[in-house]
Amino acid sequence: MRKIWEFFKGTLVLVSKGSTAYYAWMFSLLVLMAAGAAAYAYQLRNGLIVTAMRDQASWGFYISNFTFLVGVAAAAVLLVIPAYVYKWKPIKEIAVLGEMLAVSAMVMCLLFVTVDIGRPDRFWHLIPKIGILNFPQSLLAWDVVVLNVYLFLNLVIAVYICYKNYNREEPNPNLFNPLILFSIPAAVSIHTVTAFLYNGLAARPFWNASILAPRFLASAFCSGPAFMIILFQVIRMYTRIEIRNEAIFKVAELIAYSMFINLFLLGAEVFKEYYSNTIHLAPMQYLFFGLKGHSNLVPYIWTAMIFNTAAFFLFLVPRTRENYVTLNIGCVLIFIGVYIEKGMGLVIPGLVPDVLGEIYEYYPTGTELLLSLGIWATGLFVYTLLLRVAIPILTGEFYLGDDGVKPVIVDTEFIRRADQLAEKSYRD
Amino acid sequence: MPNGEDRADRPFRMSRRKMMKGVAAVLGAMALPGKDAPASVWESFFQKNFRELSGGDKARVIARLEKEYGDKYGKPVKVGTAPPLEGVLYGYGLDLSRCIGCRRCVYGCVAENNQSRNPQIHWIRVLQLNKERGVDLEEAEEYYNPSKVPEKGHFYMPVQCQQCESPPCVKVCPVQATWKERDGITVVDYNWCIGCRYCMAACPYGARHFNWKKPGLPAAEMNPATHYLGNRPRPVGVVEKCTFCIQRVRNVPGRYPACVEVCPVGARKFGNLLDPDSEIRYVIENKRVFILKEDLNTRPKFYYFYAT
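If you read the protein sequences in the order shown, they are chains A and B. Numbered per the numbering used here, the first sequence finishes at 603, counting up by one with no gaps. Numbered per the numbering used here, the second sequence finishes at 669, counting up by one with no gaps.
Pulled out of the complex, with its shape left as it was, chain A reads as follows (with noise of 0.2 Å):
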């Protein structure tokens, strides 16, 4: 008990230690998240009509965050699929980062969502005995279940392979890979159950197409992956943690598939619509093409499609997948496409026309692109406050020591050039 009391003080002290790019991120976060909060105060003061949402277009911007974010939560099973069931050594010492990033999007999730209701107090109703969930006839019910699912199990999931690395012990295996193969079907089910909630809308025609719950895990093995691409290169560039180049260029081949399933399911979705030509196509027409006159999102879904279909490329033909420079502009491209075609591309044609064939045409007020941002910062924050014990953890900078209590603790430099790192001696 001793031991893991000190464990976590010795955590306390490496967030609260880094370089001066450590403290300049980090307090840049805070600013955002401040903004954030204070742009949520506002919006509990005078109600949601501070948003654009209204009757007619009533889920918006924080939903379609949501949603996404719903995808990137997927980064973590890409790297664990092939680290843990396939025992790919170059992405076993890295899955964990993943997890963690699964962690942190989870979290934005939840964030996101509590804004997006309009009674914030009464979130207990949801809490089964206490309140009433209704489950399973809900698929929102079901959502709550299995988000918070995901989170506890990923947490613990990353908690304990960092404890384990911290003691320089090996995972015990059978305790550690029953939670690893269910983190896969449990990745999978928060993709499935956040789709269905929009699926199962028999009033919303561009939701209510069996191809969604696909197309839903197709683009989020795209967006999760992209990012953390970039973060790797970011990592390792600026701690002393060792990615291989092989575990990059994998993951990227990996994106060109899920990519080239995702442009495919959107374009049997787009043949059904247009060659069928009901009045169903109203939503897909407002999206792409615009409706009586009525085109904010036009110009979006086709920079996502572009965005999109240049990155598959990218990624898909060795040279530029193994140039960074290009790899990291796909990295780029794929984020932001998925952002809108899995966000507002996908929420708000589900509402727009609306059910009686009313065209309000929905864009977010200042309010809702300030609070968030201070999500995001939020999410990214708790990001960092992890890979800040993680990496070190991973690195052999952060260990237990000799007496079998105290930790030693030989990073804190967190955040600085690899080439400018002090050399300093490593425990072995």
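No wet-lab data here; the hints were simulated from the structure. We put the CB at the ideal spot given by N, CA and C, even for glycine. Among the hints, a few may not be true.
What the hints assert, rightly or not - Computed list of lysine-lysine pairs in BS3-like fashion (alpha-carbon distance at most 25 Å, straight line): (1) LYS513(B) x LYS467(A); (2) LYS264(A) x LYS339(A); (3) LYS409(B) x LYS304(A); (4) LYS654(B) x LYS409(B); (5) LYS304(A) x LYS513(B); (6) LYS575(B) x LYS467(A); (7) LYS339(A) x LYS192(A); (8) LYS419(B) x LYS304(A); (9) LYS304(A) x LYS439(B); (10) LYS509(B) x LYS532(B); (11) LYS419(B) x LYS436(B); (12) LYS339(A) x LYS267(A); (13) LYS492(B) x LYS467(A); (14) LYS575(B) x LYS447(A).
To be verified - Reference listing, derived: stretches of chain A covered by chain B, where coverage requires no fewer than 3 residues with Cβ under 8 Å from a Cβ of chain B: (15) 230 to 238; (16) 289 to 300; (17) 311 to 317; (18) 483 to 491.
To be verified - A few chain A residues facing chain B, derived, Cβ under 8 Å: (19) ILE224; (20) ALA377; (21) ILE454; (22) ALA457; (23) VAL530.
Once you've looked at the hints, dock chain B against the given chain A.
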């Protein structure tokens, strides 16, 4: 909704002072009751779902609400809890050949049911349709505004809650804050709704409305004859909808819903579907009725027909 106008009054004009006030309010305005909040606030915070309230609890809740509304609107307010009448299933008929699109039903409903005046919430949306196109919602115009109705070449279709036998909105609610009563009316517990708006996404008829802002209801216009599940004043951040004027129709002797009463051309019919002699049964038997979006299998109890 005319877009330019709507965007202009989006209130994102945050002055520094307001911002600081906002910051100060972060914790307070977490909307949780403060330390020295009156006992009634805590009572309201911990109030159970209406269907789980025991007789005694229910009486206390009603007393609390009647006092709260009475103080706020400066007149005695009754909050009824009349249960469904035995052997009654409400049905509604709307004669499209008579409706002239005057929207008296819209405003009669607002006056009866204590909807917010600012911003305006309407439980009835009247659509102007082209005679040539028939009931084609993609061509519908809700914001028609001529000096005189009906306009040539058009007919009118009011849409409100269709009181579905198989309501998709009820199924999706994550906390069972909305349900269908035995007499077929779908109701909302405004004290239990968390404001997630999933029901609004699920409703195929646009019948559910959200209190985006604290409802603006002038005391003078407040109707004090209310029902807990119907027209009592609503808080901010919850969903509301048409209840066939539950506060009227469950009384013995009952009254017609306000929209039926106010319609100047008698286009609106209302009655008990289980009573073979009711007017609504007569309409179903002798006219040819249709329901909206029958392909969704929601089985509305709101029947449209053309009498002439």
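Comparing the hints with the structure gives:
{"no.": "1", "hint": "LYS513(B) x LYS467(A)", "result": "23 Å, holds"}
{"no.": "2", "hint": "LYS264(A) x LYS339(A)", "result": "18 Å, holds"}
{"no.": "3", "hint": "LYS409(B) x LYS304(A)", "result": "12 Å, holds"}
{"no.": "4", "hint": "LYS654(B) x LYS409(B)", "result": "35 Å, violated"}
{"no.": "5", "hint": "LYS304(A) x LYS513(B)", "result": "58 Å, violated"}
{"no.": "6", "hint": "LYS575(B) x LYS467(A)", "result": "33 Å, violated"}
{"no.": "7", "hint": "LYS339(A) x LYS192(A)", "result": "23 Å, holds"}
{"no.": "8", "hint": "LYS419(B) x LYS304(A)", "result": "20 Å, holds"}
{"no.": "9", "hint": "LYS304(A) x LYS439(B)", "result": "32 Å, violated"}
{"no.": "10", "hint": "LYS509(B) x LYS532(B)", "result": "42 Å, violated"}
{"no.": "11", "hint": "LYS419(B) x LYS436(B)", "result": "22 Å, holds"}
{"no.": "12", "hint": "LYS339(A) x LYS267(A)", "result": "15 Å, holds"}
{"no.": "13", "hint": "LYS492(B) x LYS467(A)", "result": "20 Å, holds"}
{"no.": "14", "hint": "LYS575(B) x LYS447(A)", "result": "44 Å, violated"}
{"no.": "15", "hint": "230 to 238", "result": "holds (count 4)"}
{"no.": "16", "hint": "289 to 300", "result": "holds (count 9)"}
{"no.": "17", "hint": "311 to 317", "result": "holds (count 5)"}
{"no.": "18", "hint": "483 to 491", "result": "violated (count 0)"}
{"no.": "19", "hint": "ILE224", "result": "4 Å, holds"}
{"no.": "20", "hint": "ALA377", "result": "5 Å, holds"}
{"no.": "21", "hint": "ILE454", "result": "6 Å, holds"}
{"no.": "22", "hint": "ALA457", "result": "6 Å, holds"}
{"no.": "23", "hint": "VAL530", "result": "5 Å, holds"}
Going through the hint list in order, the structure does not satisfy hints 4, 5, 6, 9, 10, 14 and 18.
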